[in-house]
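Chemist: Chain by chain, the residues run as shown.
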Amino acid sequence: GQQLNQSPQSMFIQEGEDVSMNCTSSSIFNTWLWYKQDPGEGPVLLIALYKAGELTSNGRLTAQFGITRKDSFLNISASIPSDVGIYFCAGQEYNNDMRFGAGTRLTVKP
Amino acid sequence: DAGVTQSPTHLIKTRGQHVTLRCSPISGHKSVSWYQQVLGQGPQFIFQYYEKEERGRGNFPDRFSARQFPNYSSELNVNALLLGDSALYLCASSLPTGGLWNEQFFGPGTRLTVL
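If you're matching them up, the sequences are chains A and B in order. One point on numbering: in the working numbering, the residue at position 66 of the first sequence is 66, and numbering is uninterrupted. One point on numbering: in the working numbering, the residue at position 34 of the second sequence is 34, and numbering is uninterrupted.
The shape of chain A in the complex, shown without the other chains (with noise of 0.2 Å):
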């Protein structure tokens, strides 16, 4: 199946910082998705990605549709301790199926 690769695997930051990270596929997706994860809890979706080249931000959080639909990224600015999670990227293909990359552990120091 097609492999998602996402990074960093962790980022350990500053209150007030911004952070990057990205998500890369070998293969085209037709949805890119941002979730994220608390301990013991399901993901939670942030932003969803339906067109090549589209930019959507959520307050603080602005994501990218990369142009050649295999490749995503999710940007945090001006980071707060409740940031604190795992983010993982999703691609979803026309046949629904949704593959998930393996995270990254964001921890902010307050």
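By construction, these hints were calculated from the structure, which means they are not laboratory data. Any given hint could be a false lead.
What the hints assert, rightly or not - 20 Å max Cα-Cα, derived DMTMM-like pairs, lysine to aspartate or glutamate:
1) B/30 with B/62
2) A/51 with B/103
3) A/51 with A/97
4) B/52 with A/97
5) B/30 with A/97
6) A/36 with B/103
To be verified - Going by beta-carbon spacing under 7 Å, a handful of chain A positions derived as facing chain B:
7) 66
8) 100
9) 101
As the list claims (entries may be wrong) - Here are some of the chain A residues that sit facing chain B, going by a computed Cβ distance under 8 Å:
10) 97
11) 98
12) 103
Using N, Cα and C, we set each Cβ at its ideal position, and we do this for glycine too.
Position chain B against the provided structure of chain A, taking the given hints into account.
Modeler: Same frame as chain A, but now just chain B:
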């Protein structure tokens, strides 16, 4: 409104046993998907059901099966458990929107440990 609910929250089984996990979708949602999340990895797609019919299947052995009931709740069954089946099993429900079931809402998961 209640979100996606799953039961049980935790489960311990031994190798060779059988397990049934349950999921209730958000009211009004007709599609349910199941995912396996091994520690340190992202969720892996197992099944998707819509209107009681299987609409998608991931790369899992036949020991894994599922069904959806008329009230849209769902069960995931795993037979002949292996140690490697230990994972968090996530259920997600969604409404079809324009043919794409993107807005999947996840439950808290069932933590299965196989000894």
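Chemist: Quick one, are residue 30 of chain B and residue 62 of chain B close enough, alpha carbons at most 20 Å?
Modeler: Given pair residue 30 of chain B, residue 62 of chain B is violated - Cα atoms ~24 Å apart, limit 20 Å.
Chemist: Is residue 51 of chain A within 20 Å of residue 97 of chain A, Cα to Cα?
Modeler: 17 Å, holds
Chemist: Hint validation: residue 97 of chain A versus chain B, beta carbon distance must be below 8 Å. Holds or violated?
Modeler: Because about 5 Å separates residue 97 of chain A from the closest Cβ in chain B, which is inside the 8 Å limit, the hint holds.
Chemist: Close enough to count: is the Cβ of residue 100 of chain A nearer than 7 Å to one in chain B?
Modeler: Result: holds, 3 Å to nearest chain B Cβ.
Chemist: Taking only the CA atoms, is the gap from residue 30 of chain B to residue 97 of chain A under or equal to 20 Å?
Modeler: Holds, because 17 Å separates the two Cα atoms, which is no more than 20 Å.
Chemist: Answer holds if the nearest beta-carbon of chain B is closer than 7 Å to that of residue 66 of chain A; otherwise answer violated.
Modeler: With Cβ-Cβ at 17 Å, over 7 Å, it is violated.
Chemist: With a cut-off of 8 Å on the beta carbons, see whether residue 98 of chain A makes it to chain B.
Modeler: Holds, because the Cβ-Cβ distance from residue 98 of chain A to chain B comes to roughly 6 Å (cut-off 8 Å).
Chemist: Does residue 52 of chain B pair with residue 97 of chain A here, judged by a C-alpha cut-off of 20 Å?
Modeler: 17 Å, holds
Chemist: Let me know if the C-beta of residue 103 of chain A comes in closer than 8 Å to any C-beta of chain B, holds or violated.
Modeler: Constraint on residue 103 of chain A satisfied, holds at 5 Å.
Chemist: Has the given pair, residue 51 of chain A with residue 103 of chain B, been kept, meaning a C-alpha gap of at most 20 Å?
Modeler: The hint holds at about 15 Å.
Chemist: Quick one, is the residue 101 of chain A hint okay against chain B at 7 Å, beta carbons?
Modeler: 5 Å, holds
Chemist: For residue 36 of chain A and residue 103 of chain B, compute the direct alpha-carbon distance and say whether it is at most 20 Å.
Modeler: Between residue 36 of chain A and residue 103 of chain B the Cα gap is close to 14 Å, so the pair holds against 20 Å.
Of the numbered hints listed earlier, those contradicted by the structure are 1, 7.
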